[in-house]
Structure formats: structure tokens, C-alpha cells
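Quick note, the sequences are listed as chains A and B, same order. Taking our numbering, the leading residue of the first sequence gets 1, the next gets one more, and so forth. Taking our numbering, the leading residue of the second sequence gets 1, the next gets one more, and so forth.
No lab work stands behind these hints, which were simulated from the structure alone. Just so we're clear, the structure is a prediction, and the values are computed from it rather than from any experiment. We treat Cβ as the ideally placed atom computed from N, Cα and C, and that holds for glycine. Among these hints, one or two may not hold up.
Unchecked claim - Lysine to any residue pairs mimicking SDA-like chemistry, simulated, CA-CA at most 20 Å apart: (1) B:K396 to B:L430; (2) B:K151 to B:K28; (3) A:K109 to B:S231; (4) A:K109 to B:S446; (5) A:K46 to B:K396; (6) B:K2 to A:M104; (7) A:K99 to B:E91; (8) B:K433 to A:D43; (9) A:K24 to B:S47; (10) B:K379 to A:L52; (11) A:K109 to B:E297; (12) A:K99 to A:K109; (13) A:K109 to B:E91; (14) B:K2 to A:D83; (15) A:K45 to B:N220; (16) B:K433 to A:K109; (17) A:K99 to B:K66; (18) A:K95 to B:E153; (19) A:K99 to B:S378; (20) B:K379 to A:Q50; (21) A:K46 to B:N220; (22) B:K66 to A:K24; (23) A:K99 to B:N220; (24) A:K46 to B:I377; (25) A:K24 to B:P65; (26) B:K53 to A:P88.
Unchecked claim - Computed footprint of chain B on chain A; a stretch qualifies when at least three of its residues, placed anywhere within it, have a C-beta under 8 Å from a C-beta of chain B: (27) 17–30; (28) 41–50; (29) 55–61; (30) 75–87.
Spelled out, the chains give:
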Amino acid sequence: MSLNLEERIASNQLTHEEPAIFEKSREGRNSYSLPPSDVPEADAKKLIPQSLYRSSVEGFPEVSENEIVRHFVRLSQKNYSIDTGFYPLGSCTMKYNPKINEEMARESKLAAMHPLIAARTRPCWYSDPTARGLRP
Amino acid sequence: MKYIPQGPRDREALLKVVGLSSEDELFKFIPPHLKVKGALPYPKAQSEIEIRKTFQDFCALSPQPKMSFAGAGIYHHDVPSIVPFLQGRSEFATSYTPYQPEISQGTLQAIFEFQTLVCQLTECELSNASLYDGATSLAEAALMALRVKKKAEGKILISQGLHPFYVGVLRTYLQNFSDRIEIVPLKGDQTDLDLLAAGIKSGADLVITQSPNIFGVIENYEAVGSLIQGSETLWATATPEPLAWGVLRGPGAFGAHFVTAEGASFGAAPYLAGASYGLFATKSEYIRNLPGRLVGETVDEVGRRSYTLTFATREQFIRRDKATSNICTNQNLNMLAGLIHMTTLGKQGFSLLAQRNLSLAEYAKSTISSASGSFKISKSATFNEFCVELPCDAGKLVRQAAAEGFVCGVDMGRFDKAWSNRLLVCTTELNTKQQIDELAAFLRRSA
Numbered sequence: 001m002s003l004n005l006e007e008r009i010a011s012n013q014l015t016h017e018e019p020a021i022f023e024k025s026r027e028g029r030n031s032y033s034l035p036p037s038d039v040p041e042a043d044a045k046k047l048i049p050q051s052l053y054r055s056s057v058e059g060f061p062e063v064s065e066n067e068i069v070r071h072f073v074r075l076s077q078k079n080y081s082i083d084t085g086f087y088p089l090g091s092c093t094m095k096y097n098p099k100i101n102e103e104m105a106r107e108s109k110l111a112a113m114h115p116l117i118a119a120r121t122r123p124c125w126y127s128d129p130t131a132r133g134l135r136p
Numbered sequence: 001m002k003y004i005p006q007g008p009r010d011r012e013a014l015l016k017v018v019g020l021s022s023e024d025e026l027f028k029f030i031p032p033h034l035k036v037k038g039a040l041p042y043p044k045a046q047s048e049i050e051i052r053k054t055f056q057d058f059c060a061l062s063p064q065p066k067m068s069f070a071g072a073g074i075y076h077h078d079v080p081s082i083v084p085f086l087q088g089r090s091e092f093a094t095s096y097t098p099y100q101p102e103i104s105q106g107t108l109q110a111i112f113e114f115q116t117l118v119c120q121l122t123e124c125e126l127s128n129a130s131l132y133d134g135a136t137s138l139a140e141a142a143l144m145a146l147r148v149k150k151k152a153e154g155k156i157l158i159s160q161g162l163h164p165f166y167v168g169v170l171r172t173y174l175q176n177f178s179d180r181i182e183i184v185p186l187k188g189d190q191t192d193l194d195l196l197a198a199g200i201k202s203g204a205d206l207v208i209t210q211s212p213n214i215f216g217v218i219e220n221y222e223a224v225g226s227l228i229q230g231s232e233t234l235w236a237t238a239t240p241e242p243l244a245w246g247v248l249r250g251p252g253a254f255g256a257h258f259v260t261a262e263g264a265s266f267g268a269a270p271y272l273a274g275a276s277y278g279l280f281a282t283k284s285e286y287i288r289n290l291p292g293r294l295v296g297e298t299v300d301e302v303g304r305r306s307y308t309l310t311f312a313t314r315e316q317f318i319r320r321d322k323a324t325s326n327i328c329t330n331q332n333l334n335m336l337a338g339l340i341h342m343t344t345l346g347k348q349g350f351s352l353l354a355q356r357n358l359s360l361a362e363y364a365k366s367t368i369s370s371a372s373g374s375f376k377i378s379k380s381a382t383f384n385e386f387c388v389e390l391p392c393d394a395g396k397l398v399r400q401a402a403a404e405g406f407v408c409g410v411d412m413g414r415f416d417k418a419w420s421n422r423l424l425v426c427t428t429e430l431n432t433k434q435q436i437d438e439l440a441a442f443l444r445r446s447a
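Take these sequences, add in the hints, and give me the full structure.
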């Protein structure tokens, strides 16, 4: 059953407590991996002047992927949003945006385009208005 | 998806509420000669099947290089799968600006966490909730420096190592403040510290530097910091590639007053540099002059920890001439993706990724140098990007590589004619040894 805004706040769905992500850190815990390197490992300590070098960012989170997912899903549940209910505020942003737009905006081939390669790499639809098919 | 989903019954009900019998009656106040007859000259609305087809056609027309070494301000990185999944949650993607903290604790806590991570990265005390991008963050820092110095106009020194596009944005932002802007030339591929020292001595209000700079070279911030120390001059820094902070100290550690960076490396794709966010960090003492949005920790009426917007001195809230910035917002959804990406990298992954970027660039430097004696690569320390001096025009090589279906780097002649024989090459974790070998072979063959 869907609740209205007052009921959601009252039922605590929007206000339950969730620790900050860096408070969940456990030393040595890690959720990122890369493929094995196929080039020699550079010695950063030697290449970078000693006074400018640092080996790691102090305080950065050390959490598992599963913890990150739960954390941000919980945070999301503390928000009220257009997709959870009517929001009669905000002339500029509070309209429904079709999900197909989101899907197209995330199209990986378009997302991967670098700003400084386009103009000199052919063919290129946005430099040729007739190719866009946007005008009758 | 249909924008107008109402059926005849809905229309009848709506008309009944306003007491009308037909749609024509609703528009009867428009004189007939002003009414548009027939359809407007726009393409017909497309169904989802047609929209997908349209975008597939765009993709087919767009360059799809088989490999790329382009950086120069926008760096292509791997984005972990969980980033779009979590960022795309409706409660994040469709929530309103968090003015009502009771119903925005998710967004507010995420901003608070982002601010904390930015402070750790930059080694600064205070971060805002993000600005539009790296270049506008830097321009806001320049405006803020003038506010801190209580000056309507000031003398600003910009290192020639700053990205020329950033210089353009600065000039646009500052043009109505009648500031004097002077460029401090480089000595080789680094800021000339003697000229910088002279500028500071002659009473500059603000110094702006970038590291790694436009040549990819790591600037000596320890030396810049000691020049600034004890002077009246403020110091703002730009970092288009903040992943470098995985192996470099944050500029805050050397006394920078304002530390700004481009966010695209975390959570975003290159997107033709269109969808991004900017990092902005500074000293706590300047909190009342901070542009944009700031989230602080507090307690609610029953004593539970909660978060809220604070120090809101933007023009939306107070008189325009007293406002610290005309930016009342932040790039929240892009910032959120950046937060999730940085959290996923975590302490170990961030260092690992920075180290990998550095190793690939070092391999590329040595492979390209040994490909031909006529390629010159400076011995200066770099991160994941470096400059190759060629015996020919770099633009020619970029065009030739494009014809062969890849991007060999960025022609620096597009920034300055004096640099037209320089190719800026960037390697990230998305490049492989094989690609770098191919690039070196191409350069040997074509230059």
C-alpha cells in the first residue's frame, strides 16, 4: 500500500538512521579490482618528487561492494521523489521525465565521445545538420 | 511513452470541472486569425521503437574510434557497474532540491559524504556540494578570492600551464570585474617560479596554477606554497585529472586557499564534456564566502543525527549584492555518481588505479621515445598524460590516425600555434600495452 508524505515521515521510512559510508570502513576491505597489468610497474615514489608524493588517501572508505549497495539503497529510501509521489514544488525540475530519455542519454557509444576528437574525426552527425533528421 | 495519456473520459471530467462543454470552448478567447491551423512544423512525436532507431542512427554516424589517447581535460575511465544502478534509483534521480530536509535526508547525507571525501582528496578543511565543472569551479574560486580580499578588482596571475579553455572561462567570468589578468609564462614545461615570485612580490591578489598542467607535468607545489606563505597573495589551483591525487598530495597540504577540480573522472563518461561536475574545496575560515551549496550535520527534534543545507548565502536567499554567488545549486546526480565511484575504488582501489595510470603512461613514454630518435619527451614528472615533441605537425598525425579509425592524442596546436608540433598523449586503465605498441608504431611510420 502506498503512503502519503505525512504517513511516510511518521512511519520513519524517510528518517531512519544510516551511518556515514566512511564510518563503515574496515581496514584492508576493498571492492575494486583491475586486470593484471601487462606493462612494468612504474615506481611512483621515484618518479614523483618526494615532497609531492602520497601513497594513499587518508580516510577514504574501505568497504565491500555489498555494503556500498545497501548503503546507497538505504539513503535513496530516505528521499521523497517524483517517482514515489506527487511533488507540487519546483517549477524547473519537478516534471516527469520519460525513462526512454534516460536510456538514450546513457547510450554508451554516445557517452564515450571525447570533446576534442569529434571535430576532426569523420563522419560526425552533429557537424552535419542534414544528417540529424531533426527538421522536416 | 505518451506525453498526453488522457482518454476521452479524462477530458470530459476535466472539462466538467472547469464548466465547459468542449475543447473548442476552452480556446474560444483566442481570436480566430491568431489560431494555428493544422499541425506545427515539427517532426511527429516518436514512439520508443522509433526513438531507439533514431539514436542507433546517430551512433552509426558518430566516430567510434577503436582506441583513444585523448585527454587534455576529460579523461576516460572505467565506471564500475554499481554506479549507474545506484545513481539511477528513482528516489535519487527524481528527487527535488533538498530544501525540505525532512524528505531529503538521502540526498543530504550523500552530499555530506561527498564533501568529506573531497576534503580528504584535496587535503582541505571545507568542500561544497559540487559546482558545474572544473573550469567554472576555478572561476568561482577567482571570484571568491576577490570577495575574501574585499576587492572589486584585483591582479590575477595565471600560470601558462593552465588549460587554455579554463583561461577562456576565467576571462568570461571576470570580464565585468575589470580585473587585470596576466599570464605567467612557462619555463620549459613548468611554471616559471622566478616570474611567479616576482608577480607575488609586486602585490598580486591571486595566483592560479594547474597540476598536472596542460603538458601533463606535475608542478612543484611545495615551491609555490612557500612563495605564497607569508605573502598577501591567495592561491587557487585547478586539477582536470583528480585521479592524480592517488599518488600526489592534495594542494591543500601546501597551503592552497582554493582547490578546484574537474569531476568527470569519477562517475561520469566523457559525454563530449557535457555532463559533469566540479570539485571545490577551501579553508574553513572562508565558510561565509563559499559559492554553491553546503551540507552540515545536525540533530533533529528527537536528537537523531540528520543533515541540512547550511550557510545559505546565495542570491536565492539574500539580497543580490550581499550574495556570495549566483549559484544556488549543485550537480547533484553527477556528484552522486562520483561519490559512489570513489567509494567503490576506496582507499586501496584509488591508489591502485592511480598507480596503473602512471605505469601505462611511463610505458608509453619509453616506448614512444625508443620508436624514433626524433621524438622528444621531457624528463619532467607526469601522471597519466605527457607531451611528445614531433618532427612534424601534430594536427597532421591526428587526422591521419582518425582516417585509420583511432585517436592518437590531442594536437596542442589547437591551443597555441607555437605548440603545433606537440602531441598530448593520455593513457588510462582503459588502454592496453598492445594499444600503446600500436601507437608507437603508428608514430614511427607517420611522423
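Structure-based check of each hint:
Proposed proximity of B:K396 and B:L430 is contradicted: the alpha carbons are some 25 Å apart, above 20 Å. Proposed proximity of B:K151 and B:K28 is contradicted: the alpha carbons are some 58 Å apart, above 20 Å. Under the criterion of a C-alpha separation no larger than 20 Å, the hint pairing A:K109 with B:S231 is inconsistent with the structure, at around 49 Å. For the hint pairing A:K109 with B:S446, the CA-to-CA distance comes to about 28 Å; that exceeds 20 Å, so the pair is violated.
Simply put, A:K46 and B:K396 have alpha-carbon atoms about 35 Å apart, too far for the 20 Å limit, and the pair is violated. Annotation: proposed proximity of B:K2 to A:M104 holds, straight-line Cα distance about 16 Å (limit 20 Å). Using a Cα cut-off of 20 Å, the hinted pair A:K99 and B:E91 holds, with the two alpha carbons roughly 14 Å apart. At roughly 17 Å between alpha-carbon atoms, B:K433 and A:D43 fall within 20 Å of each other, so this suggested pair holds.
In summary, the hint linking A:K24 to B:S47 is not supported, as the alpha carbons are separated by about 45 Å, beyond the 20 Å threshold. Taken as a hint, the B:K379 and A:L52 pair is honoured in the structure, with Cα atoms around 17 Å apart against an allowance of 20 Å. For the hint linking A:K109 to B:E297, the alpha-carbon distance of about 40 Å lies beyond 20 Å, and the restraint is violated. About 18 Å separates the Cα atoms of A:K99 and A:K109, which keeps this hinted pair within 20 Å; it holds.
At roughly 27 Å between alpha-carbon atoms, A:K109 and B:E91 are farther apart than 20 Å, so this suggested pair is violated. Note on B:K2 and A:D83: the hinted pairing holds, with a Cα-Cα distance of about 17 Å set against a maximum of 20 Å. A hinted pair counts as satisfied when its Cα atoms are at most 20 Å apart, and A:K45 with B:N220 qualifies at roughly 15 Å. Simply put, B:K433 and A:K109 have alpha-carbon atoms about 23 Å apart, too far for the 20 Å limit, and the pair is violated.
Between A:K99 and B:K66, the direct Cα distance comes to roughly 30 Å. Violation of the 20 Å bound is thereby established for this hinted pair. Distance hint between A:K95 and B:E153 is unfulfilled; the C-alpha atoms sit about 41 Å from each other, more than 20 Å. Proposed proximity of A:K99 and B:S378 is contradicted: the alpha carbons are some 49 Å apart, above 20 Å. Only pairs whose Cα atoms come within 20 Å are accepted, and B:K379 paired with A:Q50 is accepted, the gap being roughly 16 Å.
Between A:K46 and B:N220, the direct Cα distance comes to roughly 15 Å. Compliance with the 20 Å bound is thereby established for this hinted pair. For the given pair, B:K66 sits about 41 Å from A:K24 by alpha-carbon distance, which is inconsistent with the 20 Å threshold. Only pairs whose Cα atoms come within 20 Å are accepted, and A:K99 paired with B:N220 is rejected, the gap being roughly 48 Å. Between A:K46 and B:I377 the CA atoms are separated by roughly 18 Å; this keeps the pair inside 20 Å, and the hint holds.
Pair hint A:K24 plus B:P65 does not hold up; C-alpha atoms about 41 Å apart against a cutoff of 20 Å. The suggested pairing of B:K53 with A:P88 is violated, with an alpha-carbon distance near 35 Å, which exceeds 20 Å. Given as covered by chain B, the region 17–30 of chain A passes the check, having 9 residues with a CB less than 8 Å from a CB of that chain where 3 are the minimum. Only residues whose beta carbon comes within less than 8 Å of a beta carbon in chain B count, and the region 41–50 of chain A has 6; three or more means the coverage holds.
Counting residues of the region 55–61 of chain A whose CB lies closer than 8 Å to any CB of chain B gives 7, which reaches the minimum of 3, so the coverage claim holds. Counting residues of the region 75–87 of chain A whose beta carbon lies closer than 8 Å to any beta carbon of chain B gives 11, which reaches the threshold of three, so the coverage claim holds.
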